[in-house]
Amino acid sequence: MGAAVNTLNGIAHVYGDNIDTDRIIPGKYTKTLDLDHLAAHVMEDLDPEFNQRVQPGDVLVAGDNFGCGSSREQAPLAIKAVGVAAVVGNYFARIFYRNAINIGLPVIEIGNHEIRQGNELEVDLRNGIVKDLSTGREYEATKMPQVMIDILNAGGLVNYLTEHGDYRRAPTGDER
Amino acid sequence: MAQTIAEKILSRRAGHPVSAGDISIVPVDGAMATDATAPFAIKAFEEMGGRQLWDANRVSLVIDHAAPAPNERIGNLHKLMRDFHHRMGGHFYDVGEGICHQLMVEKRHVQPGEIFVGADSHTPTYGALGAFAVGVGSTDLAAVLLTGKIWLKVPKTIRIEFEGRIPKGTTAKDLILFLVGQLSISGATYKALEFAGPALRELTLASRMTIANMAAEMGAKSGFVDPTGLQLPYDYTPIYADVGAAYDATHRFDVSQITPQIAIPHSPDRVRSINEVLGQRIDQAFIGSCTNARLEDLHMAAQLLRGKRIHPRVRLIIAPASKQVFNAGLEDGTIQVLSDAGATFITSGCGPCVGTHQGVPGDGDVVISSANRNFRGRMGNPRASVYLGSPAVVAASALRGEITNPMDILGEDNVEWELR
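Sequence lines, in order, name chains F and U.
Taking the numbering used here, the leading residue of the first sequence gets 1, the next gets one more, and so forth.
Taking the numbering used here, the leading residue of the second sequence gets 1001, the next gets one more, and so forth.
Calculated directly from the structure, the hints in this document are not laboratory data.
Some hints could be false.
Unchecked claim - Each pair of labels, with its calculated beta carbon distance range:
| # | chain 1 | residue 1 | chain 2 | residue 2 | range |
| --- | --- | --- | --- | --- | --- |
| 1 | F | ILE149 | U | TYR1234 | 54 to 64 Å |
| 2 | F | THR7 | U | LYS1079 | 35 to 45 Å |
| 3 | U | PRO1238 | F | GLU138 | 42 to 52 Å |
| 4 | F | ILE149 | U | GLY1244 | 32 to 42 Å |
As the list claims (entries may be wrong) - Calculated lysine-lysine pairs in the DSSO-like style (CA-CA distance at most 27 Å, straight line):
| # | chain 1 | residue 1 | chain 2 | residue 2 |
| --- | --- | --- | --- | --- |
| 5 | U | LYS1323 | F | LYS28 |
| 6 | U | LYS1043 | U | LYS1149 |
| 7 | U | LYS1043 | F | LYS28 |
| 8 | F | LYS131 | F | LYS143 |
| 9 | U | LYS1079 | F | LYS28 |
| 10 | U | LYS1156 | U | LYS1168 |
| 11 | F | LYS143 | U | LYS1156 |
| 12 | U | LYS1149 | F | LYS143 |
Cβ coordinates follow ideal geometry from the N, Cα and C atoms, glycine included.
Could you build the full structure based on these sequences and the hints that come with them?
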């Protein structure tokens, strides 16, 4: 299966800090395997128009601590299912970050930013650079561990493990 | 080299020294998923080509988030889990056995010094007995089922020292709520927490679980309660942090004056002294969740409600943490006391904590809950408000119909609560 796209362009949908997983996809909707069901309800309490407004390829932009709360993988799945191509934020909650990478949804930490709703973004995944084409500002992503880069490039953990059968050996202690 | 608890456990299991910041691939000693996370994990496992579990004896599946199934869609997800278990083996806890985290500890699926991976964010609960216990999502869990390993970044640790003596009327839940209020919901993101200090030394395992449980609410990867004073029903080797270990930060709090604490809507870190919210009307009271539904929590509630009736406006819903807890409560009369006071008992499971069923509040309803999260919509209705507190606060508030300090009901000299 293909590797992740190297660069993507999309419109920014901007939200604030501490968006928890109960708001991304309430628990009552998570008891399903149906991705369309998740897409139908993603972010509905925070923004009832979200799933109508998002076009495939758009970018969800957040502030601090996006995805805090539960471990539900349904949260990044719902975001991906509705068409979001990447999530950009100041930083992410831990489990959400891992889950997004594992399902092949790029998540990019850029620290404090000034991206506004509706701006056009160019996300260079290979080099970890987010360009706000509407303002000209560029943001550099924090580097993620190599194993995460490998998983994302494989298109997610299922692809990675199907391909390799196991984790490729991590360098002992010399990768930080 | 001086090490934190996290560094020690990961070094031992990795087979060579690791320190904070290192990426390590480690063997997993135990794994668990619930009905909220197992269906996607099973799907991913099969897509990865999984044909058998790496070690069935180390795997547990639990039905607790929607137990019993409230509709046919969920009934079929439960069936999927049962079918998987029949093919693969492993441990299976069906409807009514209890909440996943309670069961992992009760049934000894996790031991001090082990690495445990759970597809549930409150997996850090087992740091109460000194396990490196980390919450993950479904696909990570599937990878563990397949390989028996996980990759982890060794976390930095924040050390918390609770000094002084916990005053009467204040519980472990109040301590951890206080801490969440101090550090915030992102205060320990990607880090481990160590909870230590003289105030914790006499705490029971149940109370330590309450504390470690809410490490998740500060964004932590795992939480450890210093094992000084910890009694387990088996011999174990306690793991202490080394003197001189490097911490990201150390915070000291004197708990001698600490009042009961309340997290007000709509975030677990909006923590106030109960004195600031006394009198807040409540409509529903919930004693349950992996945070606080053990026998000692039911005992606290029973002491406040013995011989009395809850406020006519209030429904008090209680979900004991496990069948074992429920049976112990039946035997020692606690359940009778609470039932006579007007409480209604539901299946041992997550119940209303996660908003799927069994106590979804109506528009404008105010809930006082012994659970761990009160984000808007958490209990299933974004137009309701949830306050978090100890089981004693929940019971006292159910009695009066408004947020009430349990000490106002009992008076300082009457507190019999076994926190020891």
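Find the hints from earlier in the document that the structure breaks and name them by number, from lowest to highest. Violated hints: 1, 10; rest satisfied.
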